[in-house]
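S.K.: The residues making up each chain are set out below.
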Amino acid sequence: MSNSQGFKKLTISRRKLLAAGVGVAAAGPYVIVPGRALGAQQIVFVGYGGVNQEWYEKLMVAEFTKDTGVKVIMSSGPDLAKLKAQVMTKNVEWDIMTMSSGLAVGAEREGLLEKVDYSVVKWQDSIQPSRECTFPFYTYWGGVAFDPKRFPIDKVPKTWADFWDAKKFPGRRGLRDRADEMLEIALMADGVPPKKLFPLDMDRAFKSLDRIKPHVAKFIAQTPQTISLVQTNEIDFSYAFAGRVDAAQKEGISMDFVSGQPLIISTFIGVPKGSKNREAAMKLMSYFARPDMQAAYGNALPGNGPIARAAMPMLSGKAKSMLPNADDPQTAFVDMDWWADNFAEATKRYKQWLLG
Amino acid sequence: MATAAMGRPGSKGDLPILLAPVTALLVLVFFVPLSFVLFYSVYDNGLTAKAFVSLAKSTLFLRVLGTSFDIALSATAVSLLLGYPIALHLARQPPRRRALLMILVLLPFWTSILVKSFAFYIILGNQGIINQALRWVFGEAAAVKLLFNRVGVIVGMSHYLIPFVVFPALASLLAQNPDLRRAAQIMGAGPVRIFLRITLPLSMPGVIAGGLMSMVISLGVFVTPTLLGGKADMMMANLIDFYTRDTLDWNTAAAIAVILLALSGILIAMLSWVRRDDGVA
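For the protein sequence lines, the chains are A and B, in the order given. Everything in the first sequence is counted per the numbering used here, starting at 13 for the first residue and increasing by one. Everything in the second sequence is counted per the numbering used here, starting at 28 for the first residue and increasing by one.
Since the hints were derived computationally from the structure, they do not count as laboratory data. There are no misleading hints in this set.
A few chain B residues facing chain A, derived, Cβ under 8 angstroms:
(1) Arg90
(2) Thr271
(3) Thr274
Note that the Cβ used here is the ideal one computed from N, Cα and C, for glycine as well.
Build out the structure end to end from the sequences listed, making use of the hints.
M.R.: Spelled out as structure tokens, the structure:
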């Protein structure tokens with residue numbers, strides 16, 4: 013029963029095995045090539061897989077390989093515990109990894125990442141700050157997913173206060189089973205202005221969550237379920253991400269998205285401490301900071317937005333229409349620094365609150 | 028097979044050699060990692076019992092411990108109630124037919140737990156088969172909530188556990204001497220009386236063995252409660268996962284794992300004690 017985890021591990025280790033095999037095979041012909049500039053023939057990239065990773069591969073990674081000749085092996089399943097184990101045993105297999113904000117915070121705090129070489133990575137004016145060991149390279153945002161066939165738009169909650177108002181907007185809610193993002197929307201629902209969320213008032217957030225709890229049909233663990241449970245009519249209004257809804261619409265699923273108070277979250281990238289190909293990995297990271305790359309990515313996957321301000325004018329009309337205005341007073345950002353200090357405590361309290 | 032090998036002259040000396048590969052494998056992939064877990068549970072920059080002390084005071088841990096036992100016990104009870112009649116039925120079939128039916132009992136093992144969980148959405152969901160039938164018969168208000176609550180968890184887990192209950196119970200039932208029942212019949216006992224005084228008591232070792240086994244298995248479960256359960260259905264394994272991957276507190280994660288191991292160990296010790304007295308399994 014506890015085997016599904018084993019199943020996941022198997023896939024990853026098969027990939028690793030493949031990667032290792034390719035590594036051995038590829039090492040042969042390259043040995044005689046005298047010292048490439050970056051001191052590496054190939055590096056291992058680890059991301060969350062799926063359509064997002066396909067586009068990293070088509071955009072940033074392809075461009076990097078074209079410029080440097082360094083091959084990139086794409087693998088999936090970034091995981092804080094695995095990263096720590098690799099760093100601890102000095103057996104670092106990953107050279108570069110994308111991270112959720114929670115993972116990035118944890119990895120940086122635990123000293124599991126190399127410092128970003130900002131002489132290689134050209135950081136530009138952005139809607140989110142860069143950090144010492146990691147930086148965000150695209151944003152996505154949370155709002156309410158619903159089925160337009162079941163609910164006309166005027167019956168759908170738009171602000172988080174609406175979402176919390178089960179009398180005015182009757183329907184089964186879906187929230188997430190973790191504290192990050194949930195505390196933020198709980199505070200917005202309780203009247204905290206989106207630009208003044210941090211530092212989060214935890215007591216107030218949990219009091220606010222108490223009010224919505226009876227109306228939540230499922231606290232969702234797996235992101236795809238934020239869409240599929242609305243689709244199968246298990247819930248009516250789900251906290252979900254714009255990009256996921258766009259993908260569902262492309263598949264012909266009856267699904268729509270609304271957010272009067274968008275919550276913007278970022279995905280990060282970093283180099284594991286002790287990477288054997290640090291220089292090449294830093295070089296590849298610099299492609300993820302490039303505005304043109306970020307814009308191309310945002311155009312490919314509407315609902316995902318660039319970080320660099322210079323990328324904004326390069327976005328298509330469709331991509332633009334699916335992004336919130338970062339400077340709007342109703343738009344909220346997740347503050348990494350606060351979460352870095354409070355993640356463990358807030359998350360434990362949230363799990364305990366779920367059980368109560 | 029083991030008995031046949033032991034029966035050959037001089038084969039007793041072969042035993043260590045024959046067991047060597049599996050022993051080496053177990054040491055490498057089981058005992059070494061396990062000792063790391065034991066070590067981490069008492070090590071955090073020096074030997075310490077602080078993880079155990081803080082767990083003893085942690086509301087989160089104690090609640091999850093309670094929930095785990097609650098879920099494990101209910102799932103086991105339901106599996107026994109559903110599995111025993113199956114075992115009884117199987118025991119009364121001619122061998123060929125029984126073999127065929129036993130394969131049917133094993134069917135749940137042929138599907139991945141993930142696939143099964145999603146299949147249960149189709150059966151138990153709000154738009155699922157059961158609820159659609161209820162609505163069709165009794166009207167719109169008749170739908171019941173079977174998913175994302177304890178009901179969903181118990182259904183999902185029992186589906187997996189029933190074979191673990193059926194087979195030990197069946198072994199105990201088949202080991203019974205049919206003459207006992209015949210003798211009781213001759214003395215005038217009715218079928219209910221025969222069942223209550225002979226069949227059931229004699230099959231108890233199998234029932235207890237199956238029950239303990241499904242308790243041990245359910246305590247370690249975490250996929251089913253996550254997918255089919257509600258907010259309060261959190262198991263020990265979920266908590267270990269949380270401490271391992273989310274907060275990187277391996278000291279606490281290892282301590283919980285050790286506690287879970289100890290609890291399962293007690294149950295397994297009871298299991299082998301039942302089996303020894305049983306003489307069947």
